[in-house]
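Go by the hints and put chains B and Z onto chain H.
Just so you know, the protein sequences line up as chains H, B and Z, in that order.
If you count the first sequence from 1, position 156 lands on 156 in the working numbering, and the numbers rise without skipping.
If you count the second sequence from 1, position 215 lands on 215 in the working numbering, and the numbers rise without skipping.
If you count the third sequence from 1, position 446 lands on 446 in the working numbering, and the numbers rise without skipping.
Note that these hints are calculated values from the structure, not bench results.
No incorrect hints appear here.
Some, not all, of what chain B presents toward chain Z, calculated at C-beta under 8 Å:
no., residue
1, GLY230
2, ILE234
3, MET579
4, THR585
5, ALA613
6, LEU659
We put the CB at the ideal spot given by N, CA and C, even for glycine.
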Amino acid sequence: MNLQIRPALIAFIALSALTGLAYPLGITGLARALFPHQAEGSLVRRDGQVIGSEWIGQSFTAPRDFWGRPSATVDAQGRPLPYNGANSGGSNLAPSNPDLRKAVQGRIAALRAADPEATGPVPVDLVTASGSGLDPHISPASALFQVHRVALARELDEATVRRLVAAHVEGAQWGVLGESRVNVLKLNLALDDQFGANGRKSR
Amino acid sequence: MTSHARQDKPLFEPAIVRRAVLDAFRKLSPLHQLRNPVMFTVWICSAFATGLWIQALTGRGEGRPGFILAISLWLWFTLLFANFAEAMAEGRGKAQADSLRRSRRDVKARRLLGSDRKGPHETIDAPVLRINDLVLVEAGETIPGDGEVVEGVASVNESAITGESAPVIRESGGDRSAVTGGTLVLSDWLVIRISSNPGESFLDRMIAMVEGAKRQKTPNEIALDILLAGLTIIFLLATATLLPYSAFSAKAAGQGHPVTLTVLVSLLVCLIPTTIGGLLSAIGIAGMDRMIQANVIATSGRAVEAAGDVDVLLLDKTGTITLGNRQAVAFLAADGVDLKRLADAAQLSSLADETPEGRSIVVLAKEQHGLRERGLHALDAHFVPFTAQTRMSGVNLGTRQIRKGAASSIEAYVQSHGGTFPEDLRRTVDQISMAGGTPLVVAEGPHALGVIQLKDIVKGGIKERFAELRGMGIKTVMITGDNPLTAAAIAAEAGVDDFLAQATPEAKLKLIREYQAGGRLVAMTGDGTNDAPALAQADVAVAMNSGTQAAKEAGNMVDLDSNPTKLIEIVEIGKQMLMTRGSLTTFSIANDVAKYFAILPAAFVATYPALGALNIMRLHSPESAILSAVIFNALIIVALIPLALRGVTYRPVGAAQLLQRNLLLYGAGGLVVPFIGIKAIDWLLVALRLAA
Amino acid sequence: MSHAWTQNLLYLTLLLGLAYPLGAYMAGVLEGGRTFLHPILRPLERGLYRLMGIREEDEMGWKAYAWSITLIKLLGLVAMFLLMKTQAALPLNPEHQGNVATGLSFNTAVSFITNTNWQAYSGETTLSYLTQMLGLTVQNFLSAATGIAVLAALIRGITRRSATGLGNAWVDLVRGTLYILLPLSFVFALFLVSQGVIQNLSAYLHTAGGQVLAMGPAASQVAIKMLGTNGGGFFGANAAHPFENSSPLSNFVQMLSILLIPAALCVTFGRMVQDRRQGWALLAAMTVLFVAALAVCTQAEVKGNPALDSLGVTQVAGIDKPGGNMEGKELRFGPGGSALWATATTAASSGSVNAMHDSFTPLGGLVPLWLMQLGEVVFGGVGSGLYGMLMFALVAVFIGGLMVGRTPEYLGKKVEAFEMKMASLAILLPCAAVLIGTAISVLVPAAAASVGNPGPHGFSQILYAWSSASNNNGSAFAGLNANTPFYNDGLAIAMLLGRFGVIWPVLALAGSLAKKKHTPEGLGTLPTHTPLFVGVLIGVVVLVGALTFIPALALGPVAEHLSLRSLR
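Here chain H stands alone, though its shape is the one from the complex (with noise of 0.2 Å):
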């Protein structure tokens, strides 16, 4: 054993900083050379500031916007902060606990209420939290669930508001990987930037 101590030392010191030095210095270096946009988080500018990424989703809650999936991510001190980017994590409600049961409850409601028209099925993924509290996405179905709420808020018409969405559907990638999802903050950007941000509350 003794023979071995100093072999072990080194190839640790010297496996450290080729695989924990070297390495991922290294993929930094060329990730920016080749993939900047990506490797800086593919963030979204509007008028020289980022206003976020679009691969993270944010919390939309006004009735002229499309809503993302509920969050459960918190803040530092364990308050609930949907979409906090510093801070990602899920709800961990097991199928059977009746406080999933109620959460949903609650969401279905909340929808219904903001548009009593829409009486449909709601579709699962939005009124259940994704496992990162960070999801970008909603499912057509989802988007299409809310295109009346948001076409009212909006004064617009509805098709123009379905003919969005539809616009920013995309398929599943190759056609077997993932599903179909839209992206809900580039959607609302694009609804600010075709019919106007006006009365946009800072978000």
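Frame of chain H; chains B and Z shown alone:
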């Protein structure tokens, strides 16, 4: 092989069963159970359950005393049944040991004080004899101990050991000098040098072996024990932890109660591999017993087990592969010689030849040419016997000199009489040799008449036997003193895989070492003193009981029938023993699935009523379900005792097919049978109103 | 109906297709052969040996081998612990993360040296970039390389005859790192960045709207975290976090990367023992178990949560919606992509998650739990999965060998008492740790109080934690608050036991096998490459591995499932 009365002994002889029942109770001692971790666990569980019952009687128990009593009784039964299995296996041996002991009892020995048999001697008890003592045994007396005949010739009845009542000859020198204690001198007298100390004689070893008294666990048994102990620990943990788990669950669900200790011990005993654990030693003892039934005494269980692993069988040609003697099968005349003249000359030369070969020549001439046997005296013939110098035999009829012998000797003989040896005859001789035959050339004076073709007669059915062995993955190698040509031909005819021609003891030893270096296990038989080194080297070495003491000492098995073909049987018994262990292990583990389905819903349904859905056997009540599982677990041991004692059926097929068959029988069977059994017991308990 | 099943099929096809060339390549590396990377890496490799003062051809006996592995792990433990305890004062900490609490540091360090990568920490709120790089990333490499090394030693034990040496631990570690893990990670990390996984050293970004976006060198860590079946996330939400796993394509490739090396090592095994069928047989057994598990999990998750049926939501999948059980799942992956990940990550000892297992349906959660309890042998961890599976193979060979009436042999080596002892130990220790750990947790009130869900699911959470730690998986039913002194210390012990309690018996066994003579195969030998043997092996894994946990599972997911079903 020879048949014996012992072989067809019924499995459940009343006398043996009676004794086994008593032994089953005797073996309840925890000290005895300590040897077997699985059954020791059952012992603790049974004692614990009994304690729970007593506690219940005082009114402070965790359940109905009746139920707890039933459980604890059946747990004790589980132990008793396992003990009974072991006792049954031992019982068969013990019965035999008793008769062996009887043959030794009260034997007196006449120890010679000098080396002269007519000199002074003292009469002492046989058991005090020591190595190198000289004893005199006369007709009607029992030989007092194992030894070597140093003087005299006698016929001996060895039936006490071999079960064979025909007497055998024992004489000093040569390969028939070994005698066994406990056998009876029928005629004449023998002076014997004792070759074993008290308690170490063959008879002692045999008694120990059949009784299973000094039975040591075999390597595979130890490995299996470890696996079973590992499983037992796992299941012990799995059940013990259920106590806190169920308490937590009952609290979380707000209903039900922690699982009771009675249920836990029941579950534990049902899960640990009691079926194989209970039958393991019985299987081992029964394996030894089957060897004894086959009239083979193994010096250790390890040897029996090794027999199952044998890859190469070294078989002596003569006696094993071929009948002991060669026979004349054809007369082949030289060019220009009448075939009948050759036959006549051949017959004349053999009339006085009493060897089986000579007899077969006379018979062949009669059959093929209608030549009748003639009396030598009537012909005024003078027989010339075979000598090492001439290497010929023959007959002189007046001036006619007829000789037969090996080609080279006859050639010299013919030339010495001014004749020449014909070329065509030389070719014939070579052809016969090449075909595995032995050519005997017949000549009269300067005229070589022709050749008698002698042939080894391969035993009937032996070729099929070798094919079976090949199917089992065992290679057969024929050992013979013949020249390579002859050996090759016989090897081909008998269907062995390989042969060693012109074998010497050194060559044999070298061959064994070569195979072993290649990682193979070698089995062989032998009887002569010069076989001893090879026997000592071989992994499975079967000495013939008729052989020398040296051979018996070197081997790890002795075949009392002195039948070299026995090796094949020995291999099968070895394999059978392992197969029985493996199959019952599989069966035992597979059983657990059904037991879970019986016990788990019963144990937890109060806490989570939805778990009642797992009660797929629709057992009557939680109590009846648990009791049924425990009863099944106990009864299955009894049900499998015959299998453990007899061993699973062995078929000489390749490993893949064997595995498939045994998996289907004992794996799939082990999954299904308990479902049926437990349901049936539950139904019976309800029908008899024995369960709430 | 979502295209979950199509995705599963594509996954299996690609996995097995890629395993072949990679397996062949790795066999070359471990046998010291020349690879196409030699011109670049060979000088570096030699330089390392010179620095260490070792000669490549020096052989180690099993004890020296085991000590070497243990030593470098211990060094890693100390270094990583110190790093976390002092990170506040060290560079590359733009967010000024404070020093990590002692219990959490110990737990995390243990979890990374043991390839468990249990996340009691949450990356973005706890660790500096330096800790992520020099601590987590380094151990991700080393623990995977360790797995490969131990496997290589075991294979040499099988193939060598009457030998004492099992190879050189340092050479195996260096080769595994240089020629296998580094190049793969390098390419993979860049691919991930192209898909949107971040890689920078910037401070967290505050958007105009006030959202804070965590940053960091994620891609380089994620690449080896996936390839090395480590699974410890850069972020708290692990691969559910869009910055760690952005697109469905990145998700798919990451899923492939979980099982890629473990599957390929089967091919490597076949080549190194010079009987490729042996490798295929093991791979077949793993694949069958995996497919069965995957089918159950996918079906359960696609079907959804019965408790929500009556509330006015639709869980039916359609062309415009994933349906299924979406609580705790990312939309871009859907129930299918999440079930596949969950099955792969627990079949392997990865433990990375792209959805919250705690919110899986009872059956969907049963699958990951059960796969871990099997001992992480269905593909399993890099190296550790195969050597674990070989322990089961020895048990299968033993029982099967007896059933054909012969002292059992595996690949020409007799399986005797010592081998059974070591194999039993390697199988038994993690099982014992799970059962005992769970038992203590439900008995200690403070530990029992950590559960985050009522009813049988609470029990499942505790059981999951111990199953995960003891089998070095690292995934969690994360609703359990495991960042407590009890769990930090207890689970750390379980992780150590699960790693070294297997490595030592495996190496001892390798040493014992190496000493044995080789028995040539014959008709009487139990063939270990046939479908029949694959069946026996699966039977042994399922019976031995699962019988142990059936009672516990009955009180957890099974009770939950049946209760939930009766609700519907």
